[in-house]
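These protein sequences, in sequence, are chains A and B. Here numbering that gives the first Met the number 0 is used: the first residue of the first sequence is 0, the next is one more, and so on. Here numbering that gives the first Met the number 0 is used: the first residue of the second sequence is 0, the next is one more, and so on.
By construction, these hints were calculated from the structure, which means they are not laboratory data. From a predicted model like this one, the values you see are computed outputs, not experimental measurements. Glycine included, C-beta positions come from ideal geometry on N, C-alpha and C.
A short, non-exhaustive set of chain A residues, derived as facing chain B with CB atoms under 8 Å: (1) L10; (2) L19; (3) L173; (4) V190; (5) V201; (6) M202; (7) F206; (8) K286; (9) Y320; (10) V323.
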Amino acid sequence: MRAIVWARANLFNGIWNSILTLVVVVLIARGLWEVVQWGVIDAVWSAPDGRACRALSNDAGACWAFIGQWNRFILFGRYPYDAQWRPLLVVILFMVLVLASCDRRMWRAGLLAGMWIFGLAACFILMGGGVFGLAKVPTDLWNGLPLTLFLAVIGLAGAFPLAILLALGRRSQLPTIRALCVGYIELIRGVPLITVLFMASVMLPLFLPAGVTINNLVRAQAGLILFYAAYLAEVVRGGLQAIPTGQYEAADALGLGYWRKTSLIVLPQALAISIPPLVNTFIAAFKDTTLVTIVGLFDLLATAGNAITDPEWRGFYVEAYVFVAAIYFVFCFFMSRYSRNLERRLAR
Amino acid sequence: MNNASRVRLILLQALVLGAVVAFGAWLIHNTLTNLESRGIATGFAYLERQASFQIGETLIAFAPTDTYLRALMVGLLNTLEVAILGCVLATFLGVAIGIARLSSNWLVRTLAAVYVEAVRNVPLLLQLIVWWDVLRVSAPAPREAWLLMPGVFLSNRGLVFPLPSFTDGFHWDIPHLVGFNFAGGHTVTPEFAALLAGLVVYTAAFIAEIVRSGIAGVAKGQGEAAAALGLKPWLAMRLVILPQAKRIVIPPMIGEYLALTKNSSLAVAIGFPELMSITNTTLNQTGQAIEAITLMMVVYLGLSLATSGVLNWVNARAALQGR
Chain A
0 MRAIVWARAN
10 LFNGIWNSIL
20 TLVVVVLIAR
30 GLWEVVQWGV
40 IDAVWSAPDG
50 RACRALSNDA
60 GACWAFIGQW
70 NRFILFGRYP
80 YDAQWRPLLV
90 VILFMVLVLA
100 SCDRRMWRAG
110 LLAGMWIFGL
120 AACFILMGGG
130 VFGLAKVPTD
140 LWNGLPLTLF
150 LAVIGLAGAF
160 PLAILLALGR
170 RSQLPTIRAL
180 CVGYIELIRG
190 VPLITVLFMA
200 SVMLPLFLPA
210 GVTINNLVRA
220 QAGLILFYAA
230 YLAEVVRGGL
240 QAIPTGQYEA
250 ADALGLGYWR
260 KTSLIVLPQA
270 LAISIPPLVN
280 TFIAAFKDTT
290 LVTIVGLFDL
300 LATAGNAITD
310 PEWRGFYVEA
320 YVFVAAIYFV
330 FCFFMSRYSR
340 NLERRLAR
Chain B
0 MNNASRVRLI
10 LLQALVLGAV
20 VAFGAWLIHN
30 TLTNLESRGI
40 ATGFAYLERQ
50 ASFQIGETLI
60 AFAPTDTYLR
70 ALMVGLLNTL
80 EVAILGCVLA
90 TFLGVAIGIA
100 RLSSNWLVRT
110 LAAVYVEAVR
120 NVPLLLQLIV
130 WWDVLRVSAP
140 APREAWLLMP
150 GVFLSNRGLV
160 FPLPSFTDGF
170 HWDIPHLVGF
180 NFAGGHTVTP
190 EFAALLAGLV
200 VYTAAFIAEI
210 VRSGIAGVAK
220 GQGEAAAALG
230 LKPWLAMRLV
240 ILPQAKRIVI
250 PPMIGEYLAL
260 TKNSSLAVAI
270 GFPELMSITN
280 TTLNQTGQAI
290 EAITLMMVVY
300 LGLSLATSGV
310 LNWVNARAAL
320 QGR
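The shape of chain B in the complex, shown without the other chains (with noise of 0.2 Å):
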């Protein structure tokens, strides 16, 4: 490359660094001098005031006379909560649904297939407000909870299902009738219920095609070789094609479980109280849109950062070694 040219492309990116720059600042001052005019507190001095607003469901104490920024605090656990039970739960039920999309059963495969497809093209958001919905409109008073499993009760006060105890001896604390409601065991909201359900469900559906296509992608002479060597079909399936189609799967699997936990954000409309939620109520009552908004970003950004960075670490381990 000649000088001239070397130069011109110096100047060029000189160029567009100093449009973006401009276009930032002139951003800047404007939302300062509406800031002004309107009377808004900038800074985040608002973190350490008292948040004032009760919160349904928390991992840590917290008390409306807490700060801000323990109320965020609260927001980003329940998120966490929430993405971890919701991936765990998502990769069996959909592991176990791209299986059986391979299934030598018709029945099976198709019913699987038709899962798929049904909860792939139809909103998240409605799937939540639907879940939502059941759990608040058409489940029954605890008095006549669905029984989905022995101890296990679903009704329009959420979900309940036995805790073990080790309180004098190990023993399970049974969820049990006491006046209108359940005492013992351990309660779910309708709200986390729903948001969990929904995020499973969901998720489990792409999860599914992942697994197919992995499994799809294991030479077709593994399978041969396993039933030659006189594997049953399921232990062909566990000790020699899963193993090698867990290479193929794991990096669009990180994509599904970045997806999962940033879609934990619809909570907001369902009203389970995760960092989402949190923010709007915070930035409702403070009318700090842009230092509320902006730390919800950045939190959410690092989240997928350090999720991403973890599951590269487990990918980079899992891949094959070149020699």
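Bound conformation, chain A alone (with noise of 0.2 Å):
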């Protein structure tokens, strides 16, 4: 009864929604029943080779058997196969950090901090090696997923710092400082990620004395982390101005020097309010690292690319990008979802 009373007013209120109800009704019967004819009926979940695939399929659905067979080098890539546990076990550790510290009885400095230091410090050990009795593993073999996750987290922790003091020095009373700022600021912004990645990874050897060389992983890093810290920049920056000027009177009467105002009173608050701008900025900044793909590094994205030129497996691309594409998926819908829950219970 209370379906038929819902349907009414939400599918069949009026003549031309009706209409527009049963039409829509008709195109999304449609298109699902192709998209579960392709993935599931005429699927083929296991096949020697691409080929066998293809005959199996009559070519008319997905090659699940392609994902079956390549899903370890599409996650890992080149890491040496026996060896796979260990960027698994980085992955998980990653998780497992991400999702402690979206539980609000964490948020403290210190144990953040600490929490991460140590995390990453494992992770670093892990994909390595070189110690524990684990074999060393160069940083060209850091492939896939856990590559993806070290640029994106290490990128947006080296950005941090860099766009605290940014947003400061742009609010600063000192106009050389505040020059320097809005000039970063808006000169990154200005321009596409990838041409700073270009730069990155043209100009850095460049730029470094002679005989210094640095590996491609940290060049394609420092980029991405000089560009994430322009935007995260000006989502502190929002933050700041969202603190009212009583605040800042209030410390400057309790006699407080710049640094002490900024550390104890100011900030604590302005971060507080842009942390779910700033989850936003995440879920781009994560998307974003599959630019790497252009300047030769092998995340994600590569891998699967890489996947689908296989000789025997030639041409799967849709099955190899569906399977990519729901990983980044999973994980930015959760930050998205993440930030709107937080913003609710923040505005409370």
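The task is to assemble the complex, starting from two chains supplied on their own in separate frames and drawing on the hints.
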């Protein structure tokens, strides 16, 4: 009974809406049917190679056997096969750290910092090895999902302190410092990320003294940090602007100097306000890590792109990209839901 | 503020400025040393040299005998073309989806929400590559081209659509098969079509959210008053709600237009010859990375500043005049 009332109010209120509902139902049903037919009914779940897979599905269905065969490569790339439990553990560790940081009971600066420093150190040791009897693995074999997570997490963690300084500098009373910070932020925000990554990967080696070389991963990471910092700085500035003037005046009245006023009174409040928009910036940053593919790093997108060029399994691009897109979607959707929830709870 | 602390602040600024200048000088010194030891030429003289590469798609005439400077102009014009077309199309699609998000029909608003969530949470580069693969790998040869609309065909050679022609009276120049490819009409390459489709679909999801919150931001009484005046929902939307939502919506829309323009640089991954791709080819051929990248960044920065300048002027005119 309630379902009928609901349907009349939401689907069949008026003649036009009823027609619209019917048309949309037909379209959705047809679309869904095609997807189900392709992805489930006509799909092939195991096959020895690509040609057999095509033959089994009559070219009409998905070949999930491709994912069955290639998921380890797409997730971990060229990391030594027998040691792939290490990047798997790193991915799990990252997820535990992120989930733990989402809990408001954990929101104490010392606790969070300690947890992340300890966690990241463990991740580095697991990935790179060379101690505790773990075989050494060079960074060019750090591929796939762990690389994506490293780039995003270290990029944001590295950019954050820089962003706070830039945001404070932009609101500073000192004209020189303000001009420098405004110039940096607007310069970076005015150019595409890919140009910054190009600069980092091509120009950075030229900037360093002769004889000093840094590898591709560190260069791209540096580019991401410099880029994220400008965007995070604008979010933090938004938080700083939302602090009532009375807070500054009260801190002044207590006789606090600039740094103590900032670190004890202003920043804690400003950062708390900024958390929901910060999470939105994190989502954008996470998606943006895919651009490192263009400067030759082997992230999750690049491993998928590489898997579909295998001669025996050529051309299953839809399956590969659906798999990778699903991974990105889960991470981003979780973060955006979390940000929305947080916003609602902080507003209360 | 007393004199001692004022002097301290001036000293502090001088110190910071000095450190930045010293750091810059150190970088320049290192760069010059490195360039010299590697035998790389400096300066912008290369712009006058012959480019010697083909460009698949140009708005102005270009031959491999033309200069690098002209190649860059071709790239810039291609960037502008895709950016302007993309912003217009994304606005239409985004506004439509934003309105659909607030539809009284549950199915329509759920469908719109699914679109927004699915598109926003998947990286743009991945979407671009998939669009490109769809056109390259899955789209049929021209003989079996997909008919999208009467006269509009999609094949692995790109998108073909009719153009109005004014030679000997007005008529439509309708594409038709000649041998293995289409003749007549206007052809858009797969690279351009993929880039445009990817940018439009992606940006429209963000514009839809802006439009939705803009409409939601118009006071509820406005819609009720319009209904009380006897305006039909569609007219109320067009005459009362949207004009007011426009004011709320313009500033964040500026941000999306800028983002679309900058995102067009991802074309380098699928080989559409815009500014970034041309720069990439140029720096690979000449080795003059610093000049090429600096020039490109300056052009993008100029483009961003010009766009935001124009749109901020539009915004200032649209804003409610305070009394």
